[in-house]
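Line by line, the protein sequences give chains F and H. Residue numbers for the first sequence follow the working numbering, beginning at 1 and rising by one. Residue numbers for the second sequence follow the working numbering, beginning at 223 and rising by one.
Just so you know, the hints here were simulated from the structure itself, not pulled from any lab data. Be aware that one or more of the hints could be misleading.
Not close to chain F: a few residues of chain H, all C-beta gaps over 12 Å, as computed [unchecked claim]:
1. G235
2. S291
3. A301
4. R421
5. G446
6. G458
7. S459
8. T469
9. G500
10. S501
11. P504
12. T515
Covered stretches of chain F (in silico footprint by chain H; criterion: 3 or more residues with CB under 8 Å from a CB of chain H, positions within the stretch not fixed) [as the list claims (entries may be wrong)]:
13. 29-40
14. 86-94
15. 135-144
16. 150-159
Because the structure is a prediction, the values reported are computed rather than measured. Here a beta-carbon is modelled for each residue, glycine too, at the ideal position from N, C-alpha and C.
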Amino acid sequence: MNNEFGPRGRVASAADDADRAVLVLVAAGQLDALQELYDKYRVMAYSIALRITADASLAEDVVQDAFLGAWRNASRYVEGKGSVKTWLLSIVHHRAVDAVRRRRPTVELPAREDVPPAAMTLPDIWPEVAGNLDRAEIAAALTSLSDVQREALELAYFGGLTQQEIAIQTGTPLGTVKSRVRLGLLAMRRALIGDVGGGGNGGSGEGADGARSSDPGGGALA
Amino acid sequence: MNDEPMTHETAHGFAAAYVLGALEPAEEAAVREHLRTCPEPHDEFAELGGVVPYLAELPGLELVEPPASLRDRIMAAAAADLAERRATTPTAPAAPASPAAPMPAAAPPAGVPGSTVPFPSAPERAERAARTGRGAGTLGWVARIAAVVAIVVLGGWNLVLQGQLSDARAYDRAVAAVIDAAGEPGNQTVVLTPTKDGRGAGIAAVAADGSVVMALRDLPATTGTQVYEAWVIAAGSPAPVPVGGFTVGPTGTAAFTTQPVATPPGSTIALSLEPSAGSTTPRGAIVATGVSTAPKS
Chain F
1 MNNEFGPRGR VASAADDADR AVLVLVAAGQ LDALQELYDK YRVMAYSIAL
51 RITADASLAE DVVQDAFLGA WRNASRYVEG KGSVKTWLLS IVHHRAVDAV
101 RRRRPTVELP AREDVPPAAM TLPDIWPEVA GNLDRAEIAA ALTSLSDVQR
151 EALELAYFGG LTQQEIAIQT GTPLGTVKSR VRLGLLAMRR ALIGDVGGGG
201 NGGSGEGADG ARSSDPGGGA LA
Chain H
223 MNDEPMTHET AHGFAAAYVL GALEPAEEAA VREHLRTCPE PHDEFAELGG
273 VVPYLAELPG LELVEPPASL RDRIMAAAAA DLAERRATTP TAPAAPASPA
323 APMPAAAPPA GVPGSTVPFP SAPERAERAA RTGRGAGTLG WVARIAAVVA
373 IVVLGGWNLV LQGQLSDARA YDRAVAAVID AAGEPGNQTV VLTPTKDGRG
423 AGIAAVAADG SVVMALRDLP ATTGTQVYEA WVIAAGSPAP VPVGGFTVGP
473 TGTAAFTTQP VATPPGSTIA LSLEPSAGST TPRGAIVATG VSTAPKS
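Working from the sequences, and respecting the hints, build out all of it.
Right under this line is the structure:
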């Protein structure tokens, strides 16, 4: 079952390939290559970190931490999924959210005993749903979100809030937040792929809530 | 704290929040554990996760130039890290990461075990890189490695998506060792593909001394006395030379460095599954082959 990346799956662009070649040099310990990567993505990285932390000096620490993480782990990623840009910015995002959560009063946080120390975890990276989209296309896809979906996704992505925290902050039942998050991502996926009729893998075209859970395995004959 | 393993259906329901990082820590850990252990496909994670990076483009992200001092800090920290790595890793990284047990080779030259990693140490590499700089010759092999990496990326997805993260990490480290070796100016690269009836694939780099550093996956596990034997058929020579063997566990991945033999560009590297160690000519089926290629310069 490989069709999730189907014909509209990730398309490696020339920019991706160039980034990946640079990353190979980073993996080989070349400082020049790290600097090249930094100069290409520093503005995006810093802007995301600043937006999430709302604190210039914390944002600098986050970006430093993220690029050092990339420096140390490049060899583990060179055969990874998704683009180098996505990988890097995901590390920035992940570190920034971690920094914000650590800063919050501990009473809001459940114990983190099951979670490895932040320095050890790298974010999961999934293959992008589409390659080579320009900003206008992405902006158009984002307009497919309803206001409440966008709010929930923004609070999670830029606010670093968990679903439970979003529910409390917005005075919305947790179940509603969960379906906003899920439907919001599905709406974006549909818009980004430009797939209205649905491909072979279903699941993204329904307007109902998040209760569909029986697709794999069991009901094949139903 | 709930120690019950998470069901596949429950994990599916958590996919959106998981890829967003919006789960509570205990929930996140449970989903992570599910992904690590559940053999079912998890398409919804990739489908929804692939969307998340685009959220950075939500309107209202003000683009801000970081202070120039941040670059200096990062580069200084990276340089310090590099110095530390050189000081603490006198040997190449392939050996400790290896999930394959090196076997005695068919005819080991005295004092050269099959798993010896004959590449220059990190300081030597760095020194050489500094000497050679990054001229036109360097670009040739960079492009070539990028092509090899692209092939591995395409092949590696399933492995990772099936949640076999620890296997994937061992393989990652093996790939890293190959890339390290391939980065040496003049070294050759090899893409190993399965033969018609064989299984197994991977990438390899041939060092200047003729030893081959390999990262292999999708190999059926060996049983009993079986070993995988690596062979070099040098360009222009008909006889396969055994260069070392190894066993493979249930992960199907292996990191292995062969004994050095003459391996000019255009040589065939082959892997056979032998009934036991010590073959001097292949007795079992050839499962994967590839041809060594020198970088364009």
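Legend entry - Indices of hints not satisfied (ascending): Hints 1, 2, 3 are the ones this structure does not satisfy, whereas the remaining hints hold.
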